[in-house]
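Residue numbers (my numbering), protein chains in the order written: chain U, 63 to 325; chain X, 54 to 125.
Some hints here could point you the wrong way.
Some but not every residue of chain X turned toward chain U, in silico, with C-beta under 8 Å [stated by the list, open to error]:
| no. | residue |
| --- | --- |
| 1 | Gly74 |
| 2 | Val75 |
| 3 | Gly85 |
| 4 | Cys109 |
| 5 | Val119 |
| 6 | Gly123 |
Keep in mind the hints are simulated off the structure, nothing from the lab.
Because the structure is a prediction, the values reported are computed rather than measured.
All C-beta atoms in this analysis are idealised placements derived from N, C-alpha and C, irrespective of residue type, glycine included.
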Amino acid sequence: MTAQQGIKADNWTVAGRSFTSRLIVGTGKYKSLEENAAAVEASGAEIVTVAVRRVNISDPSQPRLTDFIDPKKVTYLPNTAGCFTADEAIRTLRLAREAGGWNLVKLEVLGEAKTLYPDMRETLRATEVLVKEGFEPMVYCVDDPIAAKQLEEAGAVAIMPLGAPIGSGLGIQNRVTIRLIVEGAGVPVLVDAGVGTASDAAVAMELGCDGVLMNTAIAEAKDPVLMARAMKAAVEAGRLAYLSGRMQKRRYADPSSPLAGLI
Amino acid sequence: MSLDGSLGIRVNGEQRRVPSGVSVAEMVGGLGLDPLRVAVERNLQIVPRSSLGDICVEDGDDYEIVHFVGGG
Numbered sequence: 063m064t065a066q067q068g069i070k071a072d073n074w075t076v077a078g079r080s081f082t083s084r085l086i087v088g089t090g091k092y093k094s095l096e097e098n099a100a101a102v103e104a105s106g107a108e109i110v111t112v113a114v115r116r117v118n119i120s121d122p123s124q125p126r127l128t129d130f131i132d133p134k135k136v137t138y139l140p141n142t143a144g145c146f147t148a149d150e151a152i153r154t155l156r157l158a159r160e161a162g163g164w165n166l167v168k169l170e171v172l173g174e175a176k177t178l179y180p181d182m183r184e185t186l187r188a189t190e191v192l193v194k195e196g197f198e199p200m201v202y203c204v205d206d207p208i209a210a211k212q213l214e215e216a217g218a219v220a221i222m223p224l225g226a227p228i229g230s231g232l233g234i235q236n237r238v239t240i241r242l243i244v245e246g247a248g249v250p251v252l253v254d255a256g257v258g259t260a261s262d263a264a265v266a267m268e269l270g271c272d273g274v275l276m277n278t279a280i281a282e283a284k285d286p287v288l289m290a291r292a293m294k295a296a297v298e299a300g301r302l303a304y305l306s307g308r309m310q311k312r313r314y315a316d317p318s319s320p321l322a323g324l325i
Numbered sequence: 054m055s056l057d058g059s060l061g062i063r064v065n066g067e068q069r070r071v072p073s074g075v076s077v078a079e080m081v082g083g084l085g086l087d088p089l090r091v092a093v094e095r096n097l098q099i100v101p102r103s104s105l106g107d108i109c110v111e112d113g114d115d116y117e118i119v120h121f122v123g124g125g
């Protein structure tokens, strides 16, 4: 097998669905739907998160996301962004399932507006109800290995801890706990939130995460399409570095050229 | 119900009037929306797409009509 084939075969699977791209991108905050579609294309993402909102009944002719990003080509992952209780999140996802027919969803139940930290008590409760109703929730959560395990036991099909607060772009602030979650999980782990630039995405992948989910880091770049390309490359680079097994760190120098034969 | 026989309903928080006897699908279509591209909740209960044409709008109904928009 050539190296190229080896890379291609490195798929990941969530709830029985197999994907090649390990980058999931959001579709919020873009200047236009055209720019959004171009960024998704450049990112190579096969899954995009989408929000469920009221249609504008005063102006039903407004352009629609589905006209720019084809749900037949890209998997829509409906989210519960903006929900602060389990009941709101469950209601939102029931509507999402009716609108699109998908069971694979992203659950997030937020605790407060300032940090957008997840409310884990409500998140766990929502996970249990959704799983009973046949949903396959990928769950945004705190970087707590115990909470992650509880979510998995409740039926979460992927664990998605934050690397830093949503939209902050601070990078992966919690390498130790992300790594602990990765090591303990029996389902895919994706860093969701916190990535600000390409190296952050690479760090997440080097920790052994199965993927990375991001929105703002691409949408708020000066050139979102170029940043989408950068993120694609970073996720791939981080994944390859993880698989390759990095060298051990040393405290002092170790020459790369042989000492034998020095003139 | 009013004197002209129309029904008063709420759609996405806005008051609307529709003729009596219309189905949920007709009400949605009357707003300029394609019933196949939205999800409809009636009085907190999902209306399955397959029964949008069978259920009649009733006076005082409260509807939420949603679709997918950009989000993270």
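Hint check:
Evaluation of the X:Gly74 hint against chain U yields a violated restraint, the C-beta minimum of about 21 Å exceeding 8 Å. Because the smallest distance between the Cβ of X:Val75 and any Cβ of chain U comes to about 15 Å, over 8 Å, the interface hint for this residue is violated. Hint status for X:Gly85 relative to chain U: holds, with the closest Cβ pair at about 4 Å, below 8 Å. For X:Cys109, the suggested interface contact is broken, since its CB lies about 19 Å from the closest CB of chain U, more than 8 Å.
The restraint placing X:Val119 at the interface with chain U holds, with a minimum CB-CB distance near 5 Å, inside the 8 Å limit. A distance limit of 8 Å between C-beta atoms decides the matter here; for X:Gly123 the minimum to chain U is near 4 Å, and the interface restraint holds.
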